[in-house]
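Protein chains in written order, with the working numbering: chain A, 1 to 322; chain B, 1 to 322.
There's no promise every hint is true.
[What the hints assert, rightly or not] Straight line, CA to CA, 25 Å or less: simulated DSS-like cross-link-like pairs of lysine-lysine:
(1) B:2 / B:107
(2) A:2 / B:294
(3) B:316 / A:2
(4) B:294 / B:139
(5) B:294 / B:316
(6) B:274 / B:139
(7) B:2 / B:139
(8) B:139 / B:50
(9) A:316 / B:2
(10) A:97 / A:55
(11) A:50 / B:2
(12) B:139 / B:97
(13) B:274 / B:50
(14) A:50 / B:107
(15) B:2 / B:50
(16) B:97 / B:107
(17) B:139 / A:139
(18) A:139 / A:50
Simulated from the structure, these hints should not be mistaken for laboratory data.
2 protein chains.
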Amino acid sequence: MKPDEYDVIRIILETVGQPASPYSKIGDDVAVLPRGEGDLVAKTDMLVRKTDVPKGMETWQMARKSIVACVSDFAAKGVQPQAVLLSLALPSTITLKEVKEMARGFKEARDEFGFNIVGGDTNEADDVVIDCCMLGFAKRITERRGAAPGDRVVVTGPFGYQSVGLKVLQEGFKVPEELWSLAVSSVLLPTPRLQLGIELTAEELLSSSIDSSDGLALSLHQLADASEVGFEISRLPVDQGLSDAAEKIGLDLDAAVLYGGEEYEIVATIPENKLRWAKQTAEKLGQRLIEIGKVTSENGQVVFTDDSRSFEIERKGWIHLS
Amino acid sequence: MKPDEYDVIRIILETVGQPASPYSKIGDDVAVLPRGEGDLVAKTDMLVRKTDVPKGMETWQMARKSIVACVSDFAAKGVQPQAVLLSLALPSTITLKEVKEMARGFKEARDEFGFNIVGGDTNEADDVVIDCCMLGFAKRITERRGAAPGDRVVVTGPFGYQSVGLKVLQEGFKVPEELWSLAVSSVLLPTPRLQLGIELTAEELLSSSIDSSDGLALSLHQLADASEVGFEISRLPVDQGLSDAAEKIGLDLDAAVLYGGEEYEIVATIPENKLRWAKQTAEKLGQRLIEIGKVTSENGQVVFTDDSRSFEIERKGWIHLS
C-alpha cells in the first residue's frame, strides 16, 4: 500500500497519540494551545535529507534529528518545549514502512523531551524535508547577549566526535572500536542537554548562551558578537580518548573540535562567582560543564592561547549555501 | 554575487524590517513574543516549488503565496496572525536577485495581513521549499465543529477561477480577455478574507467554518464530518461570467468549482437567525457571503440538489501523495 497525505497524518497521530492538553484541537485548521506562563518562545528548523542526513542514519533517527535541532536551541535558552508543529515534504515513492518509522522517530523525540505534537502539514517533493516549529513559554530566557569580561566560557560536553562520526559514516574512515561507537552515536542520536539548560537558566547562572550546532568556532564568534566582548580560549573541549587517537587515525583535532558542527551542546558564559554552583547543578544531573576559557574586553577577538601555542579561532563553520 | 545563508537572512531582515515588538529578539536562537490575550493559535504550511508553484508565478508571488496558505486558515478561524517564522530551503544556484524578490514577497504579505516575521531557518535543497509557521492569540476561534441542522452553508467568494487560471498558466488554455485576468490573478495573487473571518468570528456569527484551499467538495465533507451533519447544496458559488463562458471554452464547470482547490475562501455555516447580520457584516467590508445550501441531519451526506438535477458531491480534492 502506498500512503497518501491522509495516511501519513493518521499514522503519525496513531503513533504519537493525541496531545495531552484538552485545548489542542488536533484536526482543525489550526492548533490551539492554552496560553502558558511568560512570553511565547518559538523556533523553527528545517531538515533536508540530501544535506542533513548522513549515510547510515535510519529513517526514525532522521525524524528524531529533525526535532533535536530545535530542542538544542530551547536547551541553550533554558526553555521547556511545549508543542511542536511538523511540516513534511515526502517523495511520491515513500513507503508505508518509512512513514511508520518516521512517526516512531517523532514519538521518540516527544517522549524524550516532553512536548506535544499539535499540528502539521504534508506535501510532496523529490526529497524528504521536515520542518519543525517548536513552541514554549518562559518568564525568562538566557540570551546570547549578556557576557561580561571576566566571565568563564563553558560548554556542556565534548566536541569533535561528530566530525569523526561523519567521516566514519560517509567516507568509511577507520577508527578504533571504542571510538567508533561514541563517534557514530553522536551523529545518529544527538542529544541536546535540555534539562541542564533549563536548570542553569532557572537558577540564573548563565550570563549568555548559544546552541552550538553550527560548530564551536562559529558559536563562540556569534556569542562574543552579541555581547561585544572577546573570548580567550585556553582549553579545547575534547575527550582524552579522541585526543589520544587523533594522530594515529590522521585526524586534524583542532579542525574537528572547532569547525565540525552538529554537536548540539550549549556554549555559555558564567560569572566567576557562580561557576561552582553551575558545576554542581550539572553534576546533580549526571552532566558536566567544561571550562574552556574566559571572556575578555577585546570586542570580536576569539583566540586560543595555552602554554604551548596561540592562534586566532576563525569565524567559520557550517554555513548553508556557501 | 552568490548569496549564502547569512546573506539570505540579512536581505530578508533588511526588506521586512525588525519586528515591531521590543520583545522579539531577532538574532537570538529563538524568537520571544509577548504572551497575548487568549489561547495560542498556531499553524504551519509548507510550499514546495515543484508542486505548488505554477508556471508564470513570479518569485515574489511565490513567497507571498507561501504565507497566504496559513493566513487562509487564520481567516477561517477568525484569528489575527501576530507572528510568522519562515524556514527556507534554497538551491545552491539561487541568485541574489531571487532572494531579494522573495524577501519582497514576504514583506508584501506582512504588510497586507499585519504580522511580524520573527524568526526562521535557512537550508539548502534541490528545490525551493518555504515553510511558514504562523502564530496568534485568540480568546475564541470558530471551530470546524458546531454546525446544526437548519444552519445555512455559505462561502466568502466565487469558486472555479483558480482551476481556469491554472489551465491558462500551465497548459496555455484559451479564455476570453475579461475572464483571463480574473482567473490568472486568482492563482497568482490569492487573497484570503482575513478581515471578514475575524469580524464574523468576533460577532459570533458562524456555527462552524473551514478554509477551502483543498477544494470546495473536500472542505464541505470535512466540515460536515466534524459536526456529524450533512449538507444539501442548492447553488454552486460561481460568477455569471465564468458560468456563461464555460461551455464555449470547454470547461467542466462543476468539476472546476467543486474539485479545483486553492481558492482560499472560507466555507462556513451560519444559524438562520444570524444570516442577515452576517451578510451585513460582509457588506460593510466590501465583501460578500454567498449562500449555497443548508445543513441537514444526514451525517456525512453532501449532496447537490436544485430544480433541474441532483447528485452526490464526492469526497475528493487536492490530496498530496495520492
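These are the hints, each one checked on the structure:
Between residue 2 (chain B) and residue 107 (chain B), the direct Cα distance comes to roughly 22 Å. Compliance with the 25 Å bound is thereby established for this hinted pair. Straight-line distance between C-alpha atoms of residue 2 (chain A) and residue 294 (chain B) comes to about 36 Å, which puts the hinted pair past the 25 Å bound. Taken as a hint, the residue 316 (chain B) and residue 2 (chain A) pair is honoured in the structure, with Cα atoms around 18 Å apart against an allowance of 25 Å. Distance check on the hinted pair: residue 294 (chain B) and residue 139 (chain B) sit about 28 Å apart at the alpha-carbon level, beyond 25 Å; violated.
With a C-alpha separation of about 20 Å, the suggested pairing of residue 294 (chain B) with residue 316 (chain B) holds against the 25 Å cut-off. A hinted pair counts as satisfied when its Cα atoms are at most 25 Å apart, and residue 274 (chain B) with residue 139 (chain B) qualifies at roughly 21 Å. Of the pairs offered as hints, the one joining residue 2 (chain B) and residue 139 (chain B) is violated, with about 46 Å between alpha carbons and a cut-off of 25 Å exceeded. The suggested pairing of residue 139 (chain B) with residue 50 (chain B) is violated, with an alpha-carbon distance near 38 Å, which exceeds 25 Å.
In summary, the hint linking residue 316 (chain A) to residue 2 (chain B) is supported, as the alpha carbons are separated by about 18 Å, within the 25 Å threshold. With a C-alpha separation of about 19 Å, the suggested pairing of residue 97 (chain A) with residue 55 (chain A) holds against the 25 Å cut-off. Of the pairs offered as hints, the one joining residue 50 (chain A) and residue 2 (chain B) holds, with about 21 Å between alpha carbons and a cut-off of 25 Å not exceeded. Using a Cα cut-off of 25 Å, the hinted pair residue 139 (chain B) and residue 97 (chain B) is violated, with the two alpha carbons roughly 42 Å apart.
A threshold of 25 Å between alpha carbons decides the hint, and for residue 274 (chain B) with residue 50 (chain B) the separation of about 43 Å lies outside it, so the pair is violated. At most 25 Å may separate the alpha-carbon atoms for a hinted pair to count; residue 50 (chain A) and residue 107 (chain B) exceed this at roughly 30 Å. Taking the CA atoms of residue 2 (chain B) and residue 50 (chain B), the gap is near 22 Å; set against the 25 Å cutoff, the hint holds. Note on residue 97 (chain B) and residue 107 (chain B): the hinted pairing holds, with a Cα-Cα distance of about 15 Å set against a maximum of 25 Å.
As the CA atoms of residue 139 (chain B) and residue 139 (chain A) are separated by approximately 21 Å, the hinted pair is consistent with the 25 Å bound. Between residue 139 (chain A) and residue 50 (chain A), the direct Cα distance comes to roughly 38 Å. Violation of the 25 Å bound is thereby established for this hinted pair.
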